[in-house]
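With the hints as your guide, set chain B onto chain A.
Protein chains in written order, with the numbering used here: chain A, 79 to 275; chain B, 23 to 366.
Note that these hints are calculated values from the structure, not bench results. This one's a predicted model, so the numbers in the text were calculated from it and none came from an experiment. Among these hints, one or two may not hold up.
Claimed, not checked - Using C-beta positions, here's what the derived DEER-type ranges look like:
| hint | chain 1 | residue 1 | chain 2 | residue 2 | range |
| --- | --- | --- | --- | --- | --- |
| 1 | A | V193 | B | Y172 | 27 to 35 Å |
| 2 | A | E266 | B | K188 | 20 to 28 Å |
| 3 | A | K128 | B | G217 | 43 to 51 Å |
| 4 | B | S299 | A | R183 | 39 to 47 Å |
Cβ atoms here follow ideal geometry from the backbone N, Cα and C, with glycine treated the same way.
So you can see what is in the structure, the chains are spelled out below.
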Amino acid sequence: MKRSFILAIAISLLLSLPAWAGAPLDTVQINVNKGLEVLRDPKLKGDSAKEAKKEKLRLIYNNLFDDVEMGKRTLSRNWNSLNTAQRQEFVKLFRQVLEKAYVDRILDYKDEKIVFDKESMVSDTQAEVYTRVLTSANKEIPISYRTIKKDGSWRVYDVVIENVSLVLNYRTQFNDILAKNNPEHLLETLRQKVKGQ
Amino acid sequence: MKAFWLPVLLLAFVVAGCAHSPDSTVSAAPQVMASLPVTQETAPAPTAIQKEPPVPEAPTIAADTGPLAQEKARTPAVPASATPSGGPGAPALAAQEAAAAPKADEFGDIAEFEEGEKGSGGEKVEKPEIADPLEPFNRAMYHFNDKLYYWVLKPVAQGYGKVVPKPARVSVDNFFTNLAFPIRFVNCLLQADLGGAAKELGRFTVNTVWGVGGLLDPASSEEIDLARQDRDFGQTLGTYGIGQGFYITWPVFGPSSPRDTVGLVGDSFLLPLAYVSPWYVGGGARAYDMVNDTSLSIGDYEALQGAAIDPYVAIRDAYVQYRLKKIQLKGSNAPPDKKGLQKP
Numbered sequence: 079m080k081r082s083f084i085l086a087i088a089i090s091l092l093l094s095l096p097a098w099a100g101a102p103l104d105t106v107q108i109n110v111n112k113g114l115e116v117l118r119d120p121k122l123k124g125d126s127a128k129e130a131k132k133e134k135l136r137l138i139y140n141n142l143f144d145d146v147e148m149g150k151r152t153l154s155r156n157w158n159s160l161n162t163a164q165r166q167e168f169v170k171l172f173r174q175v176l177e178k179a180y181v182d183r184i185l186d187y188k189d190e191k192i193v194f195d196k197e198s199m200v201s202d203t204q205a206e207v208y209t210r211v212l213t214s215a216n217k218e219i220p221i222s223y224r225t226i227k228k229d230g231s232w233r234v235y236d237v238v239i240e241n242v243s244l245v246l247n248y249r250t251q252f253n254d255i256l257a258k259n260n261p262e263h264l265l266e267t268l269r270q271k272v273k274g275q
Numbered sequence: 023m024k025a026f027w028l029p030v031l032l033l034a035f036v037v038a039g040c041a042h043s044p045d046s047t048v049s050a051a052p053q054v055m056a057s058l059p060v061t062q063e064t065a066p067a068p069t070a071i072q073k074e075p076p077v078p079e080a081p082t083i084a085a086d087t088g089p090l091a092q093e094k095a096r097t098p099a100v101p102a103s104a105t106p107s108g109g110p111g112a113p114a115l116a117a118q119e120a121a122a123a124p125k126a127d128e129f130g131d132i133a134e135f136e137e138g139e140k141g142s143g144g145e146k147v148e149k150p151e152i153a154d155p156l157e158p159f160n161r162a163m164y165h166f167n168d169k170l171y172y173w174v175l176k177p178v179a180q181g182y183g184k185v186v187p188k189p190a191r192v193s194v195d196n197f198f199t200n201l202a203f204p205i206r207f208v209n210c211l212l213q214a215d216l217g218g219a220a221k222e223l224g225r226f227t228v229n230t231v232w233g234v235g236g237l238l239d240p241a242s243s244e245e246i247d248l249a250r251q252d253r254d255f256g257q258t259l260g261t262y263g264i265g266q267g268f269y270i271t272w273p274v275f276g277p278s279s280p281r282d283t284v285g286l287v288g289d290s291f292l293l294p295l296a297y298v299s300p301w302y303v304g305g306g307a308r309a310y311d312m313v314n315d316t317s318l319s320i321g322d323y324e325a326l327q328g329a330a331i332d333p334y335v336a337i338r339d340a341y342v343q344y345r346l347k348k349i350q351l352k353g354s355n356a357p358p359d360k361k362g363l364q365k366p
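So here's chain B without its partners, still in its complex pose:
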């Protein structure tokens, strides 16, 4: 199997060599683009907020991040959230009338909002909201990035995707992910998560040695099962209690906040590509990473946009929700309990 991958990957790298050129079309600032671009430009994932009360609530976050705290936060929310859902038609009543006409009740007023809103998240304090004083600028940048995606990034990625088979592109993705190991490792340490750091170190070793320099990802296989620890410096700052501040959309980079911008810059020093000389080789490689990522997630951004009533607001909200959760979960996607087991 590996014998097959190698030539394919070589091909991928040949194409990679050409990446500088597509890259220069990509934007005026290609060297910047990259370490986490997928999520920013294309992924369905991140972004978001609401503008009403500008409450950067990060301080509480730090305090509340522990699994225990989460557990606690969840409990009090329970009785409250149980009531509003039933609304006027309490469950018992509804059951009696089930056959008759639950409809009328269903559309009745709701009595309590706040608790009902919490859903099973249960965390009271951390409303996913962000101030957006720069909205006009941000909207302009949103449109710029939108055009960048549709006019440049997407066509380039589609063309590239036609030439390079998917398994090769997945390997390239693995390679760049493996290369960004220092970011995750250092941030695990900064978050005082030795277990996470050990996992990352293990992953890096396994994938570099047995994964053909990071092209394959044996560490994620069921037998080894070392999950990637998604950490970044913005998240680290969040766990220290630093608030996100306000919303800002950067050209090329996409949604961010002052805290996460500092995080992005800080992390970029940990990326080996930052030390490649001449600088444009590193920049080209990052741009190539972005194109490769995009080729694997074409349709995500379109779906997000298609589903939204106001795509700008939808992305802003998704960004904030995503970042908040990331700080709470400290990078693991695991549900809270599972995580509690990992890091008591």
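Excised from the complex, chain A in its bound form:
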């Protein structure tokens, strides 16, 4: 009797899983937690495991982020002045720039705790997920994820750290460059950035 009761609960939990897994907050939480697992994985200690860690993080990133949406929003009106090949290269380069800039910082994560506060629906297909990172230095860093629903799943297209939107920040920089130069120049700048240290 007892056993079947527990079984029933377990089944109902399993069944309800997809229901909440669809919500934006859960998507973010699940993927961020997966990322934390990788970072804290005792089997992946030391410099030698760095590449393995990065590879795992990339997979999680692919699940969570929508590169193309991010690229579009970053370029905004300038997106249309790039041809398709340039757009594809831009999305690829932009992603590499971000990875380069942040991966080492992320690999340094250890003592930080992440609190997933809430989500707020902006529309049926857009939501912002609010989280806070509590650092060991007694600081609280608010980070929110802007998500969009496509093909039934939620993906992140912007990250807002300390109230500063990543997409807006890069948009300002890219606008600045594109106001004086052609798209090819922007791509070349990004290529250099990716190549350079």
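Only chain B this time, still in chain A's reference frame:
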């Protein structure tokens, strides 16, 4: 536990005493440096803008700051922003073709920009942009501050960080934060936020009495849970509807605007350190605060810079975004709804 902290902290203060000397190396104007320097010099946080239309849009801000207004502002943005994201490949269509080739569609033109840009912020009016007529001067100052950080502040902070253990440095940080209580308290009052003022007063009392003169921060613990109200005079002026004006980078202080400069000067009169005599003791303490802060956030500035395509523009934009948001949220980091509950 406290028995352990005390000696450690004493040590910290001994080091603090020496701060005047590192400080004189820090810059020509050490007495200025300090109350909010972290964000300016090192933090990943603030700064920013765009130069196209110089629209200091603060007047609207004031009107729009209330939680209700935010709610309203957000709603109209919704239908608009939903469309452009899908672009030509509307969700339904995309779903059908998901297996086939959504790729080609993905890279298609976008139909509407402005709304798509708003994201879930939803606030229409307040574009985070700032005029930058002094760009050549500002860029020069940016480079000056950059060198100041890499050549002086960072090495000093790193050396200091090696000598003083992290818990002690966190306590020193708490101490200075507690000391700046009048700034937050008075600005809460100036913003007619009695709830915030009460919280600040409570925090100050709790942390001063139970937190060993502000070295610890029991008020932030889960049981007491009095969140710090980040307020400053520049923000107060913003809530009154005063625009930010143009962008200016000060040596040592970093990114600012005329409004925030007035704010900084105004706030400095509320800092107890301003009344310490002789003046260089107060100045030294502020410089020490800056070094201490830096030692706790080494790597932030580097990351910001490393991630940027044009670091000057990136910092300017981050500054403007950060200040705008701060005025909208009136200092709390809480998401809008939560805040609505606190201050109906």
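Here is how each hint holds up against the structure:
no., hint, verdict
1, A:V193 x B:Y172: 27 to 35 Å, "34 Å, holds"
2, A:E266 x B:K188: 20 to 28 Å, "43 Å, violated"
3, A:K128 x B:G217: 43 to 51 Å, "48 Å, holds"
4, B:S299 x A:R183: 39 to 47 Å, "43 Å, holds"
Hint compliance for this structure: hint 2 is the single one not met.
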